[in-house]
Amino acid sequence: MKVLVAVKRVVDYNVKVRVKADNSGVDLANVKMSMNPFCEIAVEEAVRLKEKGVATEIVVVSIGPTTAQEQLRTALALGADRAILVETSDEVTSLAVAKLLKAVVDKEQPQLVILGKQAIDSDNNQTGQMLGALTDFSQGTFASKVEVAGDKVQVTREIDGGLQIVELALPAIITSDLRLNEPRYASLPNIMKAKKKPLEVFTPDALGVSTVSTIKTLSVEAPAIRGAGIKVKSVAELVDKLKNEAKVI
Amino acid sequence: MTILVIAENTNLALAPATLNTLAAAQKIGGDIHLLVAGESVGAVAEAAAKIAGVSKVLVADNAAYAHQLPENVTLLIAQLVQEQGYSHVLASATSNGKNILPRVAAKLDVDQISEIIAVESADTFKRPIYAGNAIATVQSTASVKVITVRATGFDPVAAEGGSAAIEALEAANDAGISSFVGEELASSDRPELTAAKIVVSGGRGMQNGDNFKHLYALADKLGAAVGASRAAVDAGFVPNDMQVGQTGKIVAPQLYIAVGISGAIQHLAGMKDSKVIVAINKDEDAPIFQVADYGLVADLFEAIPELEKLV
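In order, the protein sequence lines correspond to chains A and B.
Positions 1 to 249 (this note's numbering) are the ones given, in order, by the first sequence.
Positions 1 to 311 (this note's numbering) are the ones given, in order, by the second sequence.
Possibly wrong hints are sitting among the right ones.
Far from chain B, some chain A residues (derived; all Cβ distances over 10 Å) [what the hints assert, rightly or not]:
1) Gly-79
2) Asp-81
3) Ala-133
4) Phe-202
5) Gly-229
Here are some chain A residues pointing at chain B (derived, C-beta under 7 Å) [what the hints assert, rightly or not]:
6) Val-54
7) Leu-95
8) Lys-102
9) Gly-161
10) Ala-169
11) Thr-214
12) Ile-215
13) Thr-217
14) Leu-218
15) Val-220
16) Pro-223
17) Lys-231
Just so you know, the hints here were simulated from the structure itself, not pulled from any lab data.
By construction, the Cβ of each residue, glycine as well, lies at the ideal position given by its N, Cα and C atoms.
Make a model of the complete structure from these sequences and hints.
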C-alpha cells in the first residue's frame, strides 16, 4: 500500500513570534523554521506502518518555498522513500493546498494520506478535511490510533468528550493528533542517506492548479496583554479576595 | 442575507456552544436558519426552535447523520447551501465542527475562516494565529463565507424566547464510505469544561493521576469542571479530553484556578481569556503568576485541602 504524507515548513514551536511593527504580519526574518510538529507525527505513523509491513512506499509532499526541501529531507531521513515539493513562494490558503495535494493524489494514487491535524502557524485545521472533500475519500481526523485491516482502516479519534472509533473504506485521509505516536529522531547515517533519495519539484501551474485566494489578511496585531495581579499570603486571604473583591465564588 | 448555523448536538440535546455560535451569527446580521442533523432529534429541534433570534429550524433526521460522520453530513450541508443560497455557514469550533466544516467549504469550492473570536462586519473577522500570540483581521470575498466560531469569543444568546418554524428535510445522504464503531466518553457529573463557570486545572505539579482527587474534591465543592495542562496529559496523569491549551480545549470561565501549572505559552493560549485567574504554585518564578489575578506561592498539597474547607 502506498502512503502519501504531507508536511509543512513552519516557525519552530519553541520560537516566541513577534508581530511586525507595521501590523502587516508576523516577523519571520532570521527565525528558526522546522517541520510542523503534527506533520512529524504524521511521518512517524507512515514509517511505523511501513515497519509493520502495511505500507510499501512512503511519498512525502510539501507545498512551499524552495527551503521547504529541508523539511522534505528530514522526512526522508525519518524513513520516507521519496519526496515531492510543489514550489510556491506565495502564501497559500488551506483550500489551495488541498487542491495541490489533490493533484498529487491523482498522480500518485495512494491508499492512505496522512497529514497533521493543523499547522501551528495559521492554526487553520482545514487541509485534511478539504482534501477529503476534493477526493471524496473518507476521513479520520484527530487520530490517536490507526489500524489498517484489509481494505478498511479503523481510526480512534480524539473528540471533545473522549474518543470515537470509526471504520473507513480505503482510500482514506488521516489527520494526526498529539497522542498518535512519539516521533523518532533521525540518525546521522539516515540523514546522509536521505540526501540521495529522489526529490521532485513541481510548480502549481504544472499541476494545473490556481492558488488564488478569497481571503485577505488586513492586519495582524499582538494580543491584549494581561497584567499580573497580586500575590496573596494565605489560602484564607485568597478565599476572601475571591468572595469579596472578585465576587466569583 | 441568510445565515445557516449548524447546531452541535448529541441527538438528545443541543450543545451549549451552539448558543455562542448563534451570537456570532447575530453580529453578522440577517435571518438565521439553524440546521439540526442527527437521528431521532425531535427534542433537539424543539429546543432549537425556542432559541431567541432563530427564524427557522431545519431538521435532517436520518440514521446516516446519527454520529455526525463528515462524509455524510457534508453532502447534506453542501446541498442545502447550493439550493438555498446562504450567505454564511457557521459552526462551532468544537471537534465536530472542525471535522465537518472544512469538508463543506471545499465541497463548495470556497476558503474557510477558522475559529473567529470577533465579527467586524459581514465579511471581516478576527481570529487568533500562532497559538494566540497574534490576532489576524481577515476579510473574505468568497461567495459564501464558511466560518467556525470559537465559543469563548461570544456571549451565548438566550436559549428561550424564540418561536421558530420547524421544517423537515427529506435529504438522506449516505456516502457509504465510513461507519461508526463506538465511542468512549468520559462520564462525569461535573460540568463540561468549555461551558463551566469555574475550572480547576492541574499540571505536572500534581505528580500523579491519583492526586487529581484533591482537585475533584475542590471542584465538586465549587461546582467546577476539572482540566489539566498538556504536561499532565503527556505524563499520563489524566486523559487528553481534559487538556486545556492550544492543543486541547479553549476555555474562558469566570474563575480559572491553575494548580501546579507552570504556565507554558501553549497552556496560556487555552485559558488566558478567563475573567479571574488564580495560580497556586510553589515556584514563585513560575510564568503563570504573570497572568494570574491572584497568586499563591504554596505547596498545593497543603493549599488545596485548606481551600476546599474554606470555600
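Hint check results:
| no. | hint | verdict |
| --- | --- | --- |
| 1 | Gly-79 | holds, 24 Å |
| 2 | Asp-81 | holds, 27 Å |
| 3 | Ala-133 | violated, 4 Å |
| 4 | Phe-202 | holds, 21 Å |
| 5 | Gly-229 | violated, 4 Å |
| 6 | Val-54 | violated, 19 Å |
| 7 | Leu-95 | holds, 5 Å |
| 8 | Lys-102 | violated, 9 Å |
| 9 | Gly-161 | holds, 4 Å |
| 10 | Ala-169 | holds, 4 Å |
| 11 | Thr-214 | holds, 4 Å |
| 12 | Ile-215 | holds, 5 Å |
| 13 | Thr-217 | holds, 5 Å |
| 14 | Leu-218 | holds, 5 Å |
| 15 | Val-220 | holds, 5 Å |
| 16 | Pro-223 | holds, 5 Å |
| 17 | Lys-231 | holds, 5 Å |
Hints 3, 5, 6, 8 from the earlier list are contradicted by this structure; the remaining hints agree with it.
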